[in-house]
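*Asks:* In order, the protein sequences belong to chains A and B.
Sequence positions in the first sequence follow my numbering and run 1 to 365.
Sequence positions in the second sequence follow my numbering and run 366 to 811.
None of these hints come from the bench; they were simulated from the model.
Possibly wrong hints are sitting among the right ones.
Stated by the list, open to error - One side only, chain A facing chain B, incomplete, derived with CB under 7 angstroms:
hint	residue
1	G242
2	V341
3	C352
As the list claims (entries may be wrong) - Some chain B residues flagged as far from chain A (calculated, every beta-carbon gap over 10 angstroms):
hint	residue
4	F420
5	L446
6	L489
7	I525
8	F702
9	K760
Built from N, CA and C at the ideal position, the CB exists for glycine as well.
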Amino acid sequence: MKKLLYVFIATLLMSFLLPSCRDNPEPDPCENGFNQEAMFSNLVNNLILPGYQELEAKVNTLANKSDAFLNNVSQTELDALREAWESAYISWQKVAQFSFGPAGNTSLRKHLNSFPTNRAIIEVNVDANIWDFTTYARFDKGFPALDYIINGLDSTDQAILNKYNIENNNYKTYLNEVVTDIQSRVQDVNAEWRFSYNQVFVTNTGTAEGTALSQIVNALSENYELIKREKLGVPSGVTNLGFVYPNRTEGYYGKISTPLLKQALQSAKDFYMGLDGPGLDDFLIEIDAEKEEELLAEVIENRFDFAINIANELEEPLSEIISENAQPVVRVYNEVAANMVPLKTDMPSVLCVAITYIDNPSDSD
Amino acid sequence: MNNYIENKILKSWFQPIRIAPLISFRIFFGLLMAWGMIRFIQNGWIEKLYVEPKFFFKYYGFEWVPVPDETGLYILVYTILVSALFIALGFFYRLSAIIFFGSFTWLELMDATNYLNHYYLVCLFAFWLIFVPANRAFSLDAFIFKNIKRSHVPAWSIYIFIFQMVLVYTCAGIAKLNYDWLFRAMPLGIWLPEHTDIPVLGYFFQFKWTAYIFSWGGAIYDLSIGWLLLFSKMRPWAYVAVVVFHLMTWMLFNIGLFPIIMIGSTLIFFSADFHERLLGYIGYKSSTTESHFSPSKLGQQILLKGILIYMIIQVVLPFRHWLYPGNVLWTEEGYRFSWRVMLVEKSGSATFHIHDRKNNRSSEIINGQYLTRFQEKQMSIQPDFMIQFAKHLKKTYKNKVEKPEITVDAHVAINGRTSRRFIDSTINLAEQRDNFLTKKWILSYK
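With the rest of the complex left out, here is chain B (with noise of 0.2 angstroms):
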């Protein structure tokens, strides 16, 4: 039975199936890339984001990822926009494959600050684009090197990233029914009344009930996208509604490249014909001779292992935050990796204080002088960058004060309300460790 269903899957994961939409991803997320990485460059995101601050916060596991100096980070820069670009052309693809995931992921490892749902999921794209043979056709790997050139590719390559979206949107959809979003419009409610300056559409946003509709809307669209793009028949109405979803979130928020990887992304959905045609704008023709090859029985079993693995741990990994007490959207505990986006308006104020029991001293940190305000409006939020803080000013108060006991005076405001005091204020920081475990010093929200 078991190997009835494995032989089932590998028979379907392994199919092969025409490579065009994959090509249209490759060249498509290659381009995109690059272009973010000039754009990171334009805005001086190099200098504000990685070489004024003195502090970095760094996600649990990754403490050791080291931030070279401004050449350093512009060569890294560099890398990462040269390897895009050779992606997209299919050059030396998967060596540069491995260096665009292997620098990008560098980039956003070293200051967890700067975490962004979308980065995370350029990583995932990218570490899947090693392993596809994404340059088996239309790329200079296959013009140089005739024999790599197939016309078909395993399904698995495609499925993959389709998987990806469905559980993106999936997930961010899941996250919206919540009791703010649905019932009381938050945080939509606040942010849409401040693009009154929209013509025409910005006009309804002056009433509460423009946000109702946007919420429901949004979680709507979000739970049920990923899988009426499956269906061929809905998929043109359902692409409609990509491209008008969010070119409206591109125009009202600051988020970035998030809508055009969405937007482009979402075309890997579409049949080979599709992408035969579109890409037969810019030269593409798909071979007449059906061409394509299959790993070995073993290969394919241990890929088909892999995959699964994957796929649990992406599936289980957004739904982690059940395992902790209390709200996530408060306590922040499961919060990044989960596709929470754009989900809270959250500020917070955090004054440390340090103290010196033995001579009986203590001062207030200002929070400036380690930190820029980003990281600061970041760290106000978040416990666990609390504690990352809490060690950093230890370490530098150590010649002034033995065994400082270091402890926070922390306010948190959610969606519109007053603050709440998030944490404990008596507990020493310190002497907290960053794991795994739920942080007991996080205040319930009352």
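Just chain A, same shape as in the assembly (with noise of 0.2 angstroms):
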């Protein structure tokens, strides 16, 4: 017994003396005293509340013009309903990347901005009169499907107006319907926010999974990440050797993608930043956290202002500049790219947080 423990003691020795790998002194990234609910209260009252109350006032009046051109099918009607889908869709660019909470749980992503379009099972769907809209799994609803059946449903506008005025009612009931979903979604999500979740989420502190950090972290990667490839990698046909598909761009019939990708860009900054508020690049600057020596704060923050520029120089429609020549689209996909990284694998690193959208179903050791 004695011989063992002098092979105890021999190991124990040995192995304090194997090469470890040193780095120089860095700063903790876990140890902090950041005040998580102070930047939770900022998101939730300046950026979160005020977009999805915004959306549901967009969403009211788009329902409001659905009504009006119901009543009245005219080209002075059609024209007001086409402004409000826009502006509403345009608002939906500023809270869609708030996918956790109420709007987690009700998929509202998904149920609102399913793109591209099935205009096919639309098709279909108001031929036999029959729909389902508790599921989002067919591409026929929300914005998209607004999109087509207001913009898309002919080549001309009196073509679109006549399909609404000679046929029979189901274009009618379509209408009506895709905007009162959209409409019934939007207030569920707001009113919990408003009246519930707000409390929930910001004293929701930690590091933890579940935690309003990672819903966050998580929340604005993934996003970011949809951007990337819906709204920009497919139909530039990045990921697709190249062959391009214009018609898969977001409003695509509406020809409004690419205010739609400044929107969104723009909101996934403000999402950041926190707009002039405490945000994840305070945390990221009080933990002190760089990035190929420099600070990971301000990289993140320059990629998107990257984004954001190249993204500004585009007028034309996204499937109109791709139809030519999708270059200008490919550089602003690579912009949005070059920040995947920091976003993605970065900043839960050092933020400490597990990127959760990962979902681990198994044990681990």
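Put the complex together from the two separate chains, hints included.
*Replies:* As structure tokens, then:
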């Protein structure tokens, strides 16, 4: 038995002599005095609540304009409806990224903005006068479906008006129900945020899975990845050997993909910065997080700005740019992609939160 | 001289010792594995881990291991469950042990994504259960075939498990002796603050010094516990430490069966007296007549050589990373099968590109079209998985792209730091071969 003790001591000594990976002293990422609650309440009071409030107002207007149009199918009412649709769709871009809490539980994003919409299914729905908006899986609802039925039913406005006038009433019913579905979903989420969830969220501090910090960090990068892939990558052919799909752009029939993109990028930056109040950037500064000898907070902010600036150079709808030459859109894509590693890998790592939207289905060790 | 040593070892390893510790081990192992399989089914892991994925990562040399369809998978898992119960009951014990070992190992070999050290440990235990005479008492076999009943077994059949446990703990301890673990209290500095909601103890997790105490405590525990358990005077105290330590890890981490495996398996260090009393509660009576068996001299010599070879492999394998340049926590070369348990917090992102040089086209790959999120997470930190994925992409694209070049933009963040580039982004992964040589295209940690 004594021999075993010697073996044990020898092992112990030997192991301390092992070469270990030594870095220069570095700031400790997880220990900090950052006031999480102040950041959450800034985000809630200045971005999330006003964002949903604005969206609900815009969606209510949309519903009014839709009613007006259905009562009086005319070019004037159609134009007003389109304007309300565009305005609501832009407001949606501001809150799409808050995919946690009430919006997460109700899959608001998928119900409101699964695109490209499936026009074939919409036509089948309208023909049969049967549809099911409890599921988003058929890509036949939300803003993209509205896009098709108010902008894309035919090549001229007169032809579109004729569809609502001459044929059976199914298009009217469909339009009405798509709008009502959007409206009721937005109202539900907004009400929950206003009346109960905001307090729950603001006080949910810490770094564990499910805390507010983990939710916003995950939501920000998940949303940015969707901007990259859905708004830019797929239509411009980046993910398909350069074969382009102009008709897979967002708001394709209404030709508003460019303003939608610009708003989404700006809103992502606002979310990260917390506008002028405490945001994730301040958190990163507080803990002195560095990436390649630059402040991580600045790296991320600069990359947001690059993407926004390049996107701001775009004027035409993305579909038209892509049809001619995808390169300008690919450039925006590249700028957005450049921020993915800092947002999705660096920030969670230094803030010590797990990437929860990659779920772990098993034990770990 | 050689002969003298051999005889001495033979004598000590084949001396008859009482069977009780082995009986406890058999029953505990069988029941725990059966429960583990029920848990596996109930958590929906058959579907999540083996039905949903369209592609599976393999271990080197085991690329041929097939994944059955859903029905086949259920049959396999129920086979494991039933054979585990039969092991516990000692019913057609050896056959059951063979079936358990074969089917459990098959399940583990199907997708390397799901590698866990404790599943590997289960495979090793199951392997030895095939050879040890654990059904020679207090089993249905011994009840049916009375003539196989023995009160004593050759000592090696208990020593082998003790060896394994000491090795696991010691290697896990040595692995903790790295800069991050000891001097940055990482990754515990990340993990503990996630559990501040635990009553009483949770309060302390907000402080960094708690992570230091836990890190050093964990390292000292792992390094010493296997050895302390060997001394009868220390054993009761050491076992208290085992229970406290593993209950703590069970509370803090999502590590499934591991704590229970260790709490149960370490009982094998205890004396036969202890086990006879323990088993007494469920009706065990040690036989009054001594009986044991011993293989022939030749059999002993063969067995001894086999055991020695096994031990050498087991001792050397966890240290093979010394043969590779760089830090194993970064390169992952020599990471598996080395008892690196809960050692590092890593996350990565790996964006693959496929290039068609002839037509000057390229495409970014959306990993989610081929991999589950869990697979993607594992792949983004493990270079050998990246090769497998690249080869899979090459195959998928074979009608679209002739001679595709596949590159990856991979970044990995370790233990609360910002990420570094992980893989040389100019290298064509589809043409790399996975083997035991170092992968030169893994960039060194800067």
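*Asks:* If a hint holds in the structure, say so; if it does not, say that too.
*Replies:* Comparing the hints with the structure gives:
{"no.": "1", "hint": "G242", "result": "holds (5 angstroms)"}
{"no.": "2", "hint": "V341", "result": "holds (5 angstroms)"}
{"no.": "3", "hint": "C352", "result": "holds (4 angstroms)"}
{"no.": "4", "hint": "F420", "result": "holds (16 angstroms)"}
{"no.": "5", "hint": "L446", "result": "holds (18 angstroms)"}
{"no.": "6", "hint": "L489", "result": "holds (15 angstroms)"}
{"no.": "7", "hint": "I525", "result": "holds (16 angstroms)"}
{"no.": "8", "hint": "F702", "result": "holds (13 angstroms)"}
{"no.": "9", "hint": "K760", "result": "holds (16 angstroms)"}
The structure meets every hint from the earlier list without exception.
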